[in-house]
Structure formats: structure tokens, C-alpha cells
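Novice: Top to bottom, those sequences are chains X and R.
Going by my numbering, the first residue of the first sequence is number 568, and it counts up by one from there.
Going by my numbering, the first residue of the second sequence is number 568, and it counts up by one from there.
Errors might be hidden in some of the hints.
[Stated by the list, open to error] Stretch-level coverage of chain R by chain X, calculated; a stretch enters the list once three of its residues show a Cβ under 8 Å from a Cβ in chain X: (1) 598–610; (2) 865–874; (3) 892–906.
[Claimed, not checked] Here are a few chain R residues that sit away from chain X, every Cβ distance over 12 Å (derived from the structure): (4) R673; (5) G694; (6) Q739; (7) R937.
[Unchecked claim] Chain R regions said to be covered by chain X (calculated; three or more residues, Cβ under 8 Å): (8) 629–643; (9) 649–661; (10) 699–706.
Please keep in mind that the hints were generated in silico from the structure rather than gathered at the bench.
From the three backbone atoms N, C-alpha and C, an ideal C-beta is built for every residue, glycine too.
2 protein chains.
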Amino acid sequence: MSKHFDLIKTDTATAARRGRLRTLHGVIETPIFMPVGTQGTVKAVTPAQLREIGSQIILGNTYHLNVRPGSELIKELGGLHRFMGWDGPILTDSGGFQVFSLAKLREVREDGVAFASQLDGAKLFLGPKEVMTIQANLGSDIAMVIDECPPWPCERDACARAVERSQRWAEQCKVVATDNGFLGSGHHVFGIAQGSTFDDLRRQAAEGLASLDLPGYAVGGVSVGEPEPEMLKQVGATTPFLSADKPRYTMGLGTPPQILKMIALGVDMFDCVMPTRVARNGLVFTPDGPMNLRNERFRTDTAPIVEGLDNYTARFSRAYLRHLVIAEEMLAGTLLSIHNLHFYLDLVAQARAHIEAGDYGPWHRAWIERYEAGAAARVS
Amino acid sequence: MSKHFDLIKTDTATAARRGRLRTLHGVIETPIFMPVGTQGTVKAVTPAQLREIGSQIILGNTYHLNVRPGSELIKELGGLHRFMGWDGPILTDSGGFQVFSLAKLREVREDGVAFASQLDGAKLFLGPKEVMTIQANLGSDIAMVIDECPPWPCERDACARAVERSQRWAEQCKVVATDNGFLGSGHHVFGIAQGSTFDDLRRQAAEGLASLDLPGYAVGGVSVGEPEPEMLKQVGATTPFLSADKPRYTMGLGTPPQILKMIALGVDMFDCVMPTRVARNGLVFTPDGPMNLRNERFRTDTAPIVEGLDNYTARFSRAYLRHLVIAEEMLAGTLLSIHNLHFYLDLVAQARAHIEAGDYGPWHRAWIERYEAGAAARVS
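With the rest of the complex left out, here is chain X:
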């Protein structure tokens, strides 16, 4: 396999890395945040608006897309990129996490997971062969292996079995993606390390996956209900054992401070529905913490949400955006999603610049201090 990931710089005071990941649909500068497009659209935002705010790669959800409209149909229509009008890189998850979190009546077997569709109760099955075939149908630039995600908290024995099964599934995914030409044609497959709160199982999972020499690795089984310190501990217990020359990804995370802390632990890629989900509820991110635009004090506020953050939403006053939120206008969801996504994308762009400049450690601590002080002041 050709070298697809360059480590441009590694921070000395932290484990932060500045990298560059090549995919079939373009180059990604890391660390990077990936807007989430669950059902073939980042909710309320057009692909053109995603480009305008500097999105480099977006995420699609295999579970949802396979249920509706179906991956066979998307393949017939030329793949997910063409279907949704996004010509940049796309990462898709395996669907496994949604099966473990959404689906009813699931049954974990050695060859995969049987479950009932949350839409119509239809009996479905996802195993290594299925998830790699579906993601090949979608034409993903980065496909994720299927893994068994144990709940939190989790018994050690059950977790050890999940780690071992996930390793076998990852091996089988690699075989499928090799045999069907997916890996050989330049698509990437990332492994996912489980291990819950057990440091030795985290290490076992990471080293087992690293031995497969996959194009990248994710830390899985985080953000499943555990407190933040526990989550960061698990990430920190995993990343050192994932190959240093491959990109690292924590799935489904997190708040702005969490992202900066995980970058300091050596994570390169992030995705999270939070910026778009809370936007649809009137909540926006600022360097001084999140801000609820429904608040009466924004009624006559002519300032943009954040001074100096140059995006389309910045043309509008907080007073107008508050009006749209309270009047339940669809444009509120669009404009606040643009702001929140741009806030995240700008944050990781700043992180990249500070890793390059060599001051990531003090910069990210100061950034978090200001953010948390502002958030605390708003609450009090």
C-alpha cells in the first residue's frame, strides 16, 4: 500500500500531531473535525455551505443509509458522493454502533449481529462481509470495521470477549476489503479499538489491530455514558499503542475542550453530531462557552454570534437569529448549524496552526480556561 499519511510535525510538550491524510477524494489536513451527515445530508446545510466553512471530510452513517434509501440503490446511482452532491472525502461508520445503541432485539453471533430495523422491524444482519460490502456500495473513502461495542460500565470478562471478537471481525473485514479490491484501489479501512475501562484490554485491542497494518485506527467504546475523565483516560490508554504513522480517530466526540484535550493525546480525527443537533435547538458555541440564543438579553443585540468568525451566519445579528429561533423558522437551523460547524472547523484549524508553531500545549490550556470560565459565568 502506498504511503497515505504524512506526519508533518509532532508536538514536544504534548502528544499532538499535525498530519496529512490522502484519500481518493482529496487530502485532509489533520487534526480535523468531520461534520456528520447521517442520512446523506448534514442536517439543514447544503454541500456548498459545507465547503464555504472549510469542511474537508464529512461522515455518513452506514446503518441509516442502508435502511433508507439502501446501499444497493446508492451504488446504482453512482455512490454516496454523487448521490448527495459532495465531492470531497467521506468516512462511513460500520453501522455497528447504531445496532448496539438503537436496534431492538439484537443478537450478537460469531459471524455478526442480527437485529430488527428501527423503521419497520424488518430482520437485518450485519457482519464483516455485510458492512464492508455496504461501505463499498457507498463508495466510502474511509470505511470502518464492525466491532462489538460493550456498554459502560462493563464486566471485564464480557469486555475481553468483545475485544477478541472485534479483533476477529477486523481481520475478516480486511480480508473482504482485500478480496473485493476496496483496499487495493485506494479506499481506506480503519480498525476500532475497544477495551472499555480496562487499560490492559485497551492495549491488547490497540496492538492487535496495529498488527493488521490497516490505514488508520479509531478509539471506540468512548462517549457511551462514562464521565469525561474516564473517557480521556481510555483514549490515553489506547493511542500510545496504535501505530504512530497512521491516523487516529475518536468516534462521536466531543465538546470543544474535549477535542482539544484529545488532540493533546495524539488524536487526529473527530466527528460529533453535537454542533448541528444543539444548533437546531438555539444553542451556539463561542470562545466563552456555549450561548443560548433564546435568552431575552439577545433581543436587541446587534453583534454577530462571534466577532471575527467569518462565515455567512456572521452577517446576521444575535437579535435576528434569536427571532428565527423563537419563531421556529427553518432558517435558524441552517444559520446556527453553519456557525457551529464553522466554530468546530475553525477550532481544529487553530489547533493545526499552534501545533505547527510549537505552542499547542499552552495555547490549548488557555483556550479551555477561557471557554470554561465563560460557561461558568453564564450559568451563575
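Since the structure of chain X is already known, use the hints to place chain R on it.
Specialist: Same frame as chain X, now just chain R:
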């Protein structure tokens, strides 16, 4: 008052007119369609997207804006243009129509209408002074007088009283707009001719208003439940008695064929919520009639909604748009609203070109024939 409306060409075979209307925020080429921005936003569409599809002027609803967020607040924030980020012309209605159609417990008095807010039941009052003050607060380029809109059907006596009261109110509106400098500073005030189904009352209303020498005139009291032939008859009974050298506007209308028929009757301006409202329900306009994207037959359809209609939505296949509609994604509302509004704007642009070319009569009849044949074929 300086001359603000140029009649560039009048069709010989029909009463269609090609005109140019100057406002404080720019020139409007007529005939024109005005997207409706009820609550300070054209639903689901950004001002930038409105510009991209060639919107020349949009409409705001005085009734809604005055209830929330309030016209005093909008004035304090620099007027409606700045508030909503639209720097082109804005026409606002007087709020009277909404009082007659939405408000409960209304009482028509000689000085205006008392009613209860549909939001919180608060007691409100709209008369000539109020509606002209509110629209001055909004900074409307074109303000409408308050009128009494009788229901359909309507007794002759009640209609005659409504016409007479509407005439008195229009006179008072002109006095208010003259005294407060609104008219003198280049804002326009349009009168509204009522008269229901009574040709002589329509003529009386039109001639009465024409005597006020207002900058433009609307045909009111149409599209209130009457069948289309009756509606067209009422428009045709009114327009000949409105000044030929002033723009003419039918409020709240209509389907694409209705707009072409009213252009043939000498109407210059139109607004209607239909293109955006039905878009949010998955219905799109085509030259072969409306099309419901929920239909199974679009499941694998890779064509754009309408071949050759160049807008952002045209980048996406019917199959993708159908998926967004069925998955109830907000992007469906945005993309289908862009298409439907552009369809209307393109239709009036074609009408302008054919009036200039001198073949509006045969062109509009052929257009309607194709549209209605297509619609009939889809239903059968």
C-alpha cells in the same frame, strides 16, 4: 412625486405589460413574482440563495412581524432590510388581510380593526395610522394601505360598505404617509381595490383609488375561496380602471397558469406562499405540471427536477431529493423551495421576454396547455 414606473411595452393581443419599477432599494423588472418572507425570512432559504435565483423583491407580513418580534424593535435594529439581511426591495402588506383571516374576536370600526393576537390573545388594533406607522418602522419600499376584505360570497350592501370604508382608509393612509415623510422620501404606498364579485363596485373601488394618485394599486379580495373563473373575472373587472401608468398587483396569487392569465389581464406583480409551502411537502413545479417527489417512480430517477432550469437544486437527482423528502430532512425544504421559487421567477422572466418579443398571447396559451396536459396525465 418623481416618475417611478416606466411602461416599456404593452402587448397588443393581450393587456400584458412590460414595466420597470424604481424603489429605494433597487429597480424591479415587471411582471415580477415576489417570494413571501412572512416572519422576516423566506422559509428555509437564505438571502444569498434568494439572490442566486434572481429574486428582485420579497414580501414581508406586517401582521406577523408586528406581533413578533415587533416593528418598534425592528426599527431600533435599523429596519427590516438590515434585520433580515436582504438589501433588495421589500413590499409589506398592511396586516389587514391576516386580521380578517387569522384573528379571533375582531371588531371592524370606522377608525380600524380591533382584534386579539393569535399568539397570546393580547388586544391589538390596526387602523390607517397604525399600519402606516408600522410599515414605516419596517422601512418597507412598498407599503400597502389597510382595507376591509369582505368574505366570499358577500352580500352587495356589505361589499359596498367595505369598498367605501376601504376608500376612506386609503385616503387616511395617504395623509399619514405624507405627513410622516414616508411618501416624500421615495417609499411607495399602494392602494387596494375591493368589490368582491360586483363589477360596478370593482370599478367604483378602482376609480376611487386611482383618484388618489398613489404609486401603485392592488386587486384585493381575490383568492378568498372563489373559483378560478370568478377570480379572473374580478381581476379583469378591476385592472382597466386602475391607472395604466402605475404598477398593478394581485395579492396572494397564484398557480403558474393563473399568474400567466393575470399577466394577460395587465397585472404586473404577484406574491404567493404556494411555491415554498408545497415545497416543504415534497411537491415541485415543472413545465408539465406539479410533481410529487414522494412518488415511488422517482426512486432511481437521476434527472434533475426540470432539465435546463439552472439553479443549485438542479445539481441533485430526483432520486436524492425524494430520499430527503421521505427521510424528512430539512435540506428537502431548502432545496425544493429554491427550485419552486426559481421556477416562478423563471416563469415571469419568460413572460417578460415574450411580452418584449410581441408573442405573449400565443406563448402563454401554449405554456398553460402543456402544463395542464401534463398535470392531467399525472393524475390519471
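Novice: Now, for every hint given, state plainly whether the structure supports it.
Specialist: So, going through the hints one by one against the coordinates:
{"no.": "1", "hint": "598–610", "in the structure": "holds (count 4)"}
{"no.": "2", "hint": "865–874", "in the structure": "holds (count 3)"}
{"no.": "3", "hint": "892–906", "in the structure": "holds (count 8)"}
{"no.": "4", "hint": "R673", "in the structure": "23 Å, holds"}
{"no.": "5", "hint": "G694", "in the structure": "26 Å, holds"}
{"no.": "6", "hint": "Q739", "in the structure": "31 Å, holds"}
{"no.": "7", "hint": "R937", "in the structure": "29 Å, holds"}
{"no.": "8", "hint": "629–643", "in the structure": "holds (count 4)"}
{"no.": "9", "hint": "649–661", "in the structure": "holds (count 3)"}
{"no.": "10", "hint": "699–706", "in the structure": "violated (count 0)"}
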